Amino acid sequence: MAYPYVSDHEVRVLSRYFGDPAQRRVDTYVERGGYSALKKAFELGPEKVIDEVKASGLRGRGGAGFPTGVKWSFMPKDSSKPHYLLCNADESEPGTFKDRELIRWDPHQLIEGCLIGAYAIGAKHVYIYCRGEFFEANSILARAVEDAYEKGYIGNDIMGSGIDLDLTVHQGAGAYICGEETGLMNSLEGRRGQPRVKPPFPAAVGAFGMPSTINNVETLAAVTHIVEHGGEWYRQFGTEKSPGTKLFCVSGHVNKPGNYELPLGFPLMQLIEDVCGGMREGNALKAVIPGGSSVPIINAEEAGRCTLDYEGCVDVGTMLGCASVIVMDETADIVKQVRRMVDFYAHESCGQCTPCREGSAWTAQILKRIEDGRGTEEDLDTLMEMTQQMVGTTICVLSDSVAAPVQSSIEKFRDEYLALIRRGERVGAA
Amino acid sequence: MPEMVTLTIDGHEVSVPKGTTILEAAKSIGTEVPHYCYHPGMSSPAMCRLCLVEVEGAPKPMPGCVTTVMDGQVVHTQSEQALKNRRGVLEFYLVNHPLDCPICDMSGECNLQDYVHAEGREHGRGREPKRIFGRDDFGGDVLFYGDRCVMCTRCVRFMSEVEQDHRLTVVERGNRSVIDTFYEEGLDGTYWHGNIVDICPVGALVSKEFLHKARAWDLTHTPSVCTGCAQGCNIDLHTRDNLVQRVKPRENLDVNAWWICDYGRHGYEWMNRGDRLEAPVMRSAGASQAMAWGDALRALLAKADGAGPVKAIASAKSSNEDLGALKRLVDALGGGDIVYRSARADDEVPLKGFPTLARRTDLTPNATGADLVGASRVGDDDATGGLDAVSGHDGIVIVLNDDLSDQGEDFGANASLFVYMGTHASAGATHADFVLPISTHAEGEGSFTNLERRVQRFAKAMDAPGMARPAWLVLGALAAETGGGDAPRSAADAFAALGRSVSAFAGITWEDVGTRGALLNESVSVTGD
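In order, the protein sequence lines correspond to chains F and L.
Residues 1 to 430 in the working numbering are what the first sequence spells out, letter by letter.
Residues 1001 to 1529 in the working numbering are what the second sequence spells out, letter by letter.
Since the hints were made in silico from the structure, they are not lab data.
Computed from a predicted model, the values in this text were never measured in an experiment.
Where is the CB? At the ideal position from N, CA and C, for every residue including glycine.
You may find that some hints are simply not true.
[Stated by the list, open to error] Derived DSS-like pairs (lysine-lysine); straight-line CA-CA distance at most 27 Å:
no.	chain 1	residue 1	chain 2	residue 2
1	L	K1018	F	K241
2	F	K412	L	K1060
3	L	K1084	F	K412
4	F	K336	L	K1130
5	F	K81	L	K1018
6	L	K1130	F	K198
7	L	K1084	F	K54
[To be verified] Heads up, incomplete: computed chain L residues facing chain F, CB under 7 Å, no partners named:
no.	residue
8	A1046
9	M1047
10	C1048
11	G1057
12	K1060
13	M1062
14	G1088
15	V1089
16	F1092
17	E1122
18	R1125
19	R1173
20	N1175
21	S1177
[As the list claims (entries may be wrong)] Over the 12 Å line for every Cβ pair with chain F, so calculated as not near, a few chain L residues:
no.	residue
22	E1032
23	P1061
24	L1211
25	S1288
26	D1394
27	L1520
With the rest of the complex left out, here is chain F (with noise of 0.2 Å):
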């Protein structure tokens, strides 16, 4: 089966064999190179290893956009308690479907680099925590892990190096929160999936209590490529501060959607108009929301100046998160996409931090009655004041996330706010 949309804009090093199906197969993966980057690791050392991702500027690719080099290197060295690296897959914000398809189609690639991870931090252990909904992706990976095993690329004394490493993979029970890291941590030991509070950082006391560093599946599988052909070769791609190549997950209205990998500091128009085959209908450009849902919603002028790295994005008054690009256009009703959305959050907060708990449920409750033609002029007050009583209080940053969508889109698309407040009159058909 072939991936369904290409484009000749594409840089694929992670997407490469996308639509492959033998990939999926270790002898297949190990024949075109795979696993060397591995044997590589083993020998640059730890420390060369970090140094090189260092020196690739790779950021993490979960939404945050911290240097993962840097991160490694908060672990503990001189530490007699054991280390995890744990591979985050719990996929799960609206408008992601990028780590499903690396788990697809190349989950050797995934494994080679949770193993040059761990051995980086002198992990002994890596989890991959992947989304209980992936029943496909759990399974090809699970196969994969066991292939691995068997062909000695992960247990004892790999590739003959004297070294042993560890990898489980957890299937998760579906709740947006265990992907924030540590209510994954919470999760993968049993407990509630809430998220933890911090101080202590995951480097200091992570999963069941020890030092652990979280990455996401996008992050691991380009440290395969960055340790294989060293950093330099990674900073050809994207821009000084946003290196590398990344994989957009454009949805919505756009004519062919899909999962496109881009050298970061691509421009959003031409992402939308020569890659992804412009508008559907050649309908007008209304808002696109450039990092998954929880960034807020820029309009078409915006997205006219966008340009798709960490800092083109913060520019616009938006983030890049990871990338997950929804398009909307003319006929899109934005008030009911927001409320959607906060619906979305209030049912997924764990409920433990007052403002999210009552927040985001409130916010959906105010925001279905505008959307039934039953709110005022005030809600909209209300909404903004309310929403800001939600950003930066809690312990993790899904309220922050409900706030994002609800504020940027009463700034920016008031208009439509009012038309249902004033006169009940649906904008677009949607």
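We have chain F; now place chain L onto it with these hints.
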């Protein structure tokens, strides 16, 4: 000496040991930062988000309950940002709160009421229908009003961390989160669960026994000591209409911290008994005559003269002062044996998360005091028997605060003088020459000595019925008349007299004991407040 850290809170410089949290540091200078989930006896999940304070240089408001102090830190608990945060969080609390204060048992002592009144918005903006959880019987003495819950999880943490019996949990998530029990098991069969009603900051967990019995503002709180066992837990008696309405723990980190067991919590009804002895009664030639105290005591002294050796029954439920006065009277009358009986349980009921606290096997509050004045324990573990030597004694028999419930009407039939001092009539007192009404510990001042030899004071919570008087007053007057010296006019006098006559109590003053108690045989006096 721990390492000290100096920081500034609301413009006041404060030095506290390293590792102290901002909330505790603020408390040390008298600034109470509003909070729900924080409780000093348990872990802090930092989830209520009410104690967020502004820390200069920090990008976000910080939870005071888990943020530890740093040298040179500048903290604002009353700044515009801090107040705005609290106003915001309080509004979130009210989105689904039923505001049923008029019928809520917690009303008047509710932290949500207090905080909103002090710092909340004047008018709510919520227009949406409220979430409804309804009520649930949690078993034991606890009723759960889900709609009032602020989801602080103190109750869940008490059961898991302090009682260490995981009976409660949070089920569901988001704003559907609710406290629940496992299956139908509930709290039945746990012995400390009453504490979750105390630590619930709102009216979500209420006591079935106290339900709709009294309003918080009508209750008078009197510091007292639990009489349920030898632990001597510090409690407050909450009274209205001269009746104890409920018992609440009183914080004392040396004894019971914030907790009391359910036996002690519910063991107060006896203090409210109505059928009390109310007047001194003299019996002669089969006739009973109520009389004034002065007349009764004069008649008693006249009859005691030359009546022979004394055998006395004391009680481990009596105060140190009562026991000391009895001892002085017995000595003044020529000396004699003092015995007491007390109930004992087979096993302790420990509070696992607070190892120095347990419902002790000794089910009386002052066996230590009785032992120290030289009384010896007789009888069985259910406080019966052991009185054969006294029952047929032909000299003076004095019974203090032992209801002789297992004794027949022939008890003391041979006594030359039989004085029964008690709170209730008893068949065992049929032959008593004098029946003298005494007050309970709730009706006067005094002190008990607990099993670790800590003397603890209790105060007067209610009026004694009729002419009932404290036993130390009666016995002290009789001892003074017989043996010389001054009669004690207050419990403090009686305690001082005890110190003079019983060496174990020497060197401690009434003020030393204060509200926190003082250990015997310690030269360093403990400062009361």
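Taking the hints in turn, this is what the structure says about them:
no.	hint	result
1	K1018(L) - K241(F)	40 Å, violated
2	K412(F) - K1060(L)	26 Å, holds
3	K1084(L) - K412(F)	26 Å, holds
4	K336(F) - K1130(L)	22 Å, holds
5	K81(F) - K1018(L)	26 Å, holds
6	K1130(L) - K198(F)	33 Å, violated
7	K1084(L) - K54(F)	41 Å, violated
8	A1046	5 Å, holds
9	M1047	4 Å, holds
10	C1048	6 Å, holds
11	G1057	15 Å, violated
12	K1060	4 Å, holds
13	M1062	10 Å, violated
14	G1088	3 Å, holds
15	V1089	5 Å, holds
16	F1092	4 Å, holds
17	E1122	15 Å, violated
18	R1125	5 Å, holds
19	R1173	5 Å, holds
20	N1175	4 Å, holds
21	S1177	4 Å, holds
22	E1032	19 Å, holds
23	P1061	6 Å, violated
24	L1211	27 Å, holds
25	S1288	67 Å, holds
26	D1394	73 Å, holds
27	L1520	44 Å, holds
Hint check: violations occur at hints 1, 6, 7, 11, 13, 17 and 23; the rest are consistent with the structure.
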